[in-house]
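A.B. asks: Here is what each chain is made of, one letter per residue.
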Amino acid sequence: MMKFIRTLLKPFAAFFEAHAKTHYRLERHSMGLTVGIIIAAGVGGFIEIAPLFTIDDTVEAAPDMRLYTPLEQAGRDIYIREGCYACHSQMIRTLRDEVERYGPYSLAVESQYDHPMLWGSKRTGPDLARLGEKYSDDWHVRHLVNPRDLVPESVMPQYAFLLEAGLDTDSLPDRLAALRAVGVPYTDEMIANADSDALGQAMPDTERSDGVFERYGDETAVRNFDDRPGRLTEMDALVAYLQILGQLTDLPEQTQILPEE
Amino acid sequence: MMSNLTRAERANAMVIAGTGAFIGLVMAAAGRGDPMGAHGWIVLAFCGALFFVVGSAYEDPEPTQDRTASYYDDPTKVGILIALFWAVVGMGMGVWVASQLAWPDLRFDAAWSSFGRIRPVHTSGVIFGFGGNALIATSFHIMQRTCRARMPDQVTPWFVLLGFNLFCIVASSGYLMGVTQSKEYAEPEWYADLWLVVVWVVYFVLYIRTLARRNEPHIYVANWYYLAFILVVAVLHIVNNLAVPASLTGAKSYSAFAGVQDAMTQWWYGHNAVAFFLTSGFLGMLYYFLPKRAERPIYSYRLSILSFWGITFFYIWAGSHHLHYTALPHWVQTLGMTFSVMLLVPSWASAGNALMTLNGAWHKVRDDATLRFMMVAAVFYGLSTFEGSFMAIRPVNGLSHYTDWTVGHVHAGAMGWVALISFGSIYALAPVLWRRETIYSWKAVEWHFWLALAGTVIYVFAMWNSGITQGLMWRTYTESGTLAYSFTDTLVAMHPYYVARTFGGLLFLIGACIGAWNVVMTIRRMPSETPERDYPTSSESREPALPAAE
Amino acid sequence: MSVKDRDPLTGHQTTGHEWNGITELNTRVPRAVWFFVIVTHVWALVVWVLMPAWPLVTTYTKGLLGTDQREEVQESIAVANAIRDDWSSLIADLPVDEIRADPALMAPVNDTAHALFGDNCAGCHGSDAAGGPGFPSLVDDAWLWGGDADTIMETLRVGINATHPETRYAQMLAFGEQGILPRDDIRTVVDYVQSLSGTGAPADRIAAGAEIYATNCASCHGEDGTGMAEIGAPNLRDDFWIYGGGDEAMFETIWGGRQGWMPAWEDRLTVADRKILTIYLQDRAKETAQ
Ligand code: HEM
Ligand code: HEM
Ligand SMILES: [Ca+2]
Ligand SMILES: [Ca+2]
Ligand SMILES: [Cu+2]
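Chains as they are written, first to last, in the numbering used here: chain A, 13 to 273; chain B, 41 to 590; chain C, 85 to 374.
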């Protein structure tokens, strides 16, 4: 047995001897080391990342996939700003208990337009990938104002200031344009009307809101999300975003076996 | 300090600081009404202060003594002090972050103090502020000593150190204002990212130039690791931070990649930030201070080669273990899992190499808390890499991912390895650096050691318990085959562990404060002493210190 | 390597270099290291052969086992569905009374309800289902739409004021905001409504309030104030309040109106799930009533 192992070891040992010898020479040249390190550390990243762009079935095809409206995108930016991703994942893994608790496992296509993705790495709070339309707008507003009013056990911070903070809509055309630059297919019209559309989505039955339906589809949720008439707040934007989570495409529900009880 | 700079160097420094201040002014003006404007003021204040400090000493007499007769240690001294400052700030933030999870109302009624905003102040504060400064400072020290060469000039080390700290300040103040790209450990926005690229390139050039001036034929292992740290972090940083700003006058940007490609890029970065920032760089530190303090030769040069190249090559592949069972294709996960396990061997080889180096010096480990810091750091390094490789196995990760188990693993590595090796090195370094007879209080070092060890153990055990409890509760089924616990049930179960973790963190923080105090007192109170042999052979003569080998 | 020293302690040779006092031994790599190198590499090779692993340009190696995480989880859910089908299809099909009568069916009901309620309903109705401001208690045996199983099932299916196309609509008019009633009248009717559940107030105000009530409110809440389950108008005679029975809360209700939103669960929860919750709520309500 020992002998067998030793034979097995031989090629390794030989390789290593050669390597050690080369190394002994290499370590006298700083640029040699530099090149060596870059090559050794370059291989893995290249082999794991580059094919994600070339292998077709990496991202599924979802013809019904829709874009974030400017208001939802603004909400997403606030979600990032407040660091919600530090506690909430948006990635239901392919594990039975996750699918049974949160819903169909997440598909790559669902975050196709997410620059950056918000899959998260810690679940101090529950996963939010399928949160959209699970609660009422009013619930979200009250929960964000003080989570412990609704869930006494919660350790989530209060975000009451979002109700007072007016949403900055001026920067929205620029934001959408930057997103188009990295590959989100916003049209010129969408970019030009981004600030008006953000207002319109929180003002049902106005001319502005008609524009939202026109550009983003009839299914778009047009509501006064924070229930404060006449003012577009950061709360409107964040709740609009939370209500769209998991609602961008029906592909997961259509293609997966779902738990039955 | 200023007296070691020539007039020309002072002039250069003023030009750089002046340019920085001008950039700050432009940012402040262009970014009005945006957090970028606030950052502009911060940059202006930082660079303006430097300009003023250098300018007010501009006319002072120039250095007279022969520079080649000594190493250039001023930036190292400042770097060590800044590292200790960040240790207290970063870990203080850690304790606050931890207590918010135990008592969520323990905060101010203002946006900046919410968990999501202060958490990255903690992570960046300890990793970049504390760890980064410790790495930069020790690398300056070590590269000069192991090359027997002085740094090639006196302005670039300051540029690297202070430029890096400007990055840290912009980063942390940004988080409090809500400026973040959300990419873990790469949160700062595009202009801070660009600035770090500049700093890092200068750092690399400085390192290479010093190596080029060396009077030793061979480059010592510590320098391999520092070099890998500098190079790979540069590559990771640039690729993961590719982004398009929404406007050149605002902070917000959108990352170049989206969805699954973005996730893979992020964790390729995130994992290798662990590998090349929190591991490679600190192994460089270990490789210098441990044998020096133990006065023993490194156990095996061959093992060093094996572990260095193993770590450099295998680590890069392992990033996808952060994405098991996600929408990342299965094949990438398989690669991440297998390479993580293969990675264990070189990792343990380096931990083993360090511990075997102590053979013949174990009595010193017993008596000398400084060496004990390093020894325990090596043990925790071994422990956390074992744990990491274990957690990288898909079914294990299925349980551990998203839970506090990860956080426990992180802190076994971060507190047990990164912080302990840094503190040990700082205690070993301080008397040498400031030319003091010894550390101010050895008793305080003992106290620090035991507080740090107790804090780490309490923290890590609390998180193992909470992580595994939560992971198991999430997947507990009733006899009917349905989920047994709601999410809130698991949340309630976490509370005692969160309290315990806060307590452990507090012990660790107290230790760090004692350490900072002890170093300051060493500088202020201890009699000075001239070291026997701590000077470079003339770099210009390029004369080897020992006859060339072979 | 010419200038080699020996380490007196171990007898090993050094590499002959010295860096500021640090030397290295040239000890060979311990066998154990090679052993583990081999073990981990062989293991990795086996995994690569069996599992999807290596990328090719437009595809990747699928592995001999042909596994894929998605198929695996789908399979495990299909299996779980099949096992649970023993009781879940019965629960879905049978009337509530028959389920209650069968301990074998009540076991899964009791097992399942806790987490199901906790993850979906507790956010609004509280973990003890006792409600809170704006969210009705589900254990007080006072039902807006009726407490029989079919009604509760329907409420869960379509929600109230929700996005479901068949949702139940419940609308408490905004008498103040819409200028139907002046401030004073609202104060007066508040006094009257409070008197229905036994709070005292001056007799003349009650009389005036009763008049306002009869013209404005009775159409929905009934002449006697016992409510109207068909439109979800609550009983105002009992002492259960969704939004609060105090002066300010009730003024707020009548001034600004109310339109509680209860989500529809048809797409999120199965019939069996909803029936389990129904049974659970009815049982909780009965417990509390005792
Ligand atoms: C006083 C000691 C410390 C305390 C009380 C502390 C506390 C914390 C807390 C509460 C978190 C957040 C965990 C969560 O989101 O659930 C955290 C995260 C983190 N800390 Fe610390 N920490 C301490 C020391 C350190 C040190 C010394 C380092 C590094 C050198 C470090 C690195 C990190 C990292 C990398 C994370 C992010 C972990 C993740 O995302 O999984 N911490 N820490
Ligand atoms: C062989 C070496 C190691 C391996 C294979 C490894 C593996 C892992 C794994 C599997 C995770 C969990 C990923 C997840 O489920 O989200 C993780 C997280 C982490 N590890 Fe390690 N680890 C190693 C060493 C270390 C060391 C030495 C440190 C620190 C000093 C460290 C710091 C971290 C951090 C900060 C995270 C949290 C990342 C996040 O934010 O989610 N690791 N590591
Ligand atoms: Ca994390
Ligand atoms: Ca960044
Ligand atoms: Cu990792």
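In case anyone wonders, no lab produced these hints; they're calculated from the structure. From the three backbone atoms N, C-alpha and C, an ideal C-beta is built for every residue, glycine too. Hints may contain errors.
[Stated by the list, open to error] One-sided excerpt, in silico: chain A residues whose CB lies under 8 Å from chain B:
no. : residue
1   : F24
2   : C99
3   : E226
4   : D230
5   : I269
[To be verified] Straight-line distance between alpha carbons at most 16 Å, and here's what the computed EDC-like set of lysine to aspartate or glutamate pairs gives:
no. : chain 1 : residue 1 : chain 2 : residue 2
6   : C       : K146      : C       : E156
7   : A       : K146      : C       : D351
8   : C       : K370      : C       : D203
9   : A       : K146      : C       : D181
10  : B       : K483      : B       : E569
11  : A       : K146      : C       : E350
12  : B       : K404      : B       : E486
13  : C       : K146      : A       : D69
14  : C       : K146      : A       : D222
15  : C       : K370      : C       : D224
16  : C       : K370      : C       : D232
17  : C       : K370      : C       : E156
18  : C       : K370      : C       : D212
19  : B       : K483      : B       : D574
A.B. asks: Determine for every hint whether it applies to the structure shown.
C.D. replies: Structure-based check of all given hints:
1. Evaluation of the F24 of chain A hint against chain B yields a violated restraint, the C-beta minimum of about 10 Å exceeding 8 Å.
2. Hint status for C99 of chain A relative to chain B: holds, with the closest Cβ pair at about 7 Å, below 8 Å.
3. At its closest, the beta carbon of E226 of chain A sits 24 Å from a beta carbon of chain B; the interface hint therefore is violated under the 8 Å criterion.
4. Taken as an interface hint, D230 of chain A does not check out: its beta carbon lies about 26 Å from the nearest beta carbon of chain B, beyond 8 Å.
5. At a threshold of 8 Å, the smallest CB-CB gap from I269 of chain A to chain B is about 15 Å, leaving the interface hint violated.
6. A threshold of 16 Å between alpha carbons decides the hint, and for K146 of chain C with E156 of chain C the separation of about 14 Å falls inside it, so the pair holds.
7. Distance restraint check for K146 of chain A and D351 of chain C: the Cα-Cα separation of roughly 10 Å lies within the 16 Å cut-off, and the hinted pair is therefore satisfied.
8. Between K370 of chain C and D203 of chain C the CA atoms are separated by roughly 23 Å; this puts the pair beyond 16 Å, and the hint is violated.
9. Distance check on the hinted pair: K146 of chain A and D181 of chain C sit about 30 Å apart at the alpha-carbon level, beyond 16 Å; violated.
10. Restraint check: the Cα-Cα separation between K483 of chain B and E569 of chain B comes to about 21 Å, which exceeds 16 Å; the hinted pair is violated.
11. Restraint check for K146 of chain A and E350 of chain C: the C-alpha separation of about 11 Å stays at or below 16 Å, so the hint holds.
12. Restraint check for K404 of chain B and E486 of chain B: the C-alpha separation of about 14 Å stays at or below 16 Å, so the hint holds.
13. Between the alpha carbons of K146 of chain C and D69 of chain A the distance comes to roughly 13 Å, so the proposed pair stays at or under 16 Å and holds.
14. Restraint check: the Cα-Cα separation between K146 of chain C and D222 of chain A comes to about 49 Å, which exceeds 16 Å; the hinted pair is violated.
15. Straight-line distance between C-alpha atoms of K370 of chain C and D224 of chain C comes to about 8 Å, which keeps the hinted pair within the 16 Å bound.
16. Distance restraint check for K370 of chain C and D232 of chain C: the Cα-Cα separation of roughly 12 Å lies within the 16 Å cut-off, and the hinted pair is therefore satisfied.
17. Of the pairs offered as hints, the one joining K370 of chain C and E156 of chain C is violated, with about 43 Å between alpha carbons and a cut-off of 16 Å exceeded.
18. With a C-alpha separation of about 14 Å, the suggested pair K370 of chain C and D212 of chain C falls inside the 16 Å cut-off, and the hint holds.
19. As the CA atoms of K483 of chain B and D574 of chain B are separated by approximately 27 Å, the hinted pair breaks the 16 Å bound.
The structure fails hints 1, 3, 4, 5, 8, 9, 10, 14, 17 and 19 (numbered hints given earlier, in ascending order).
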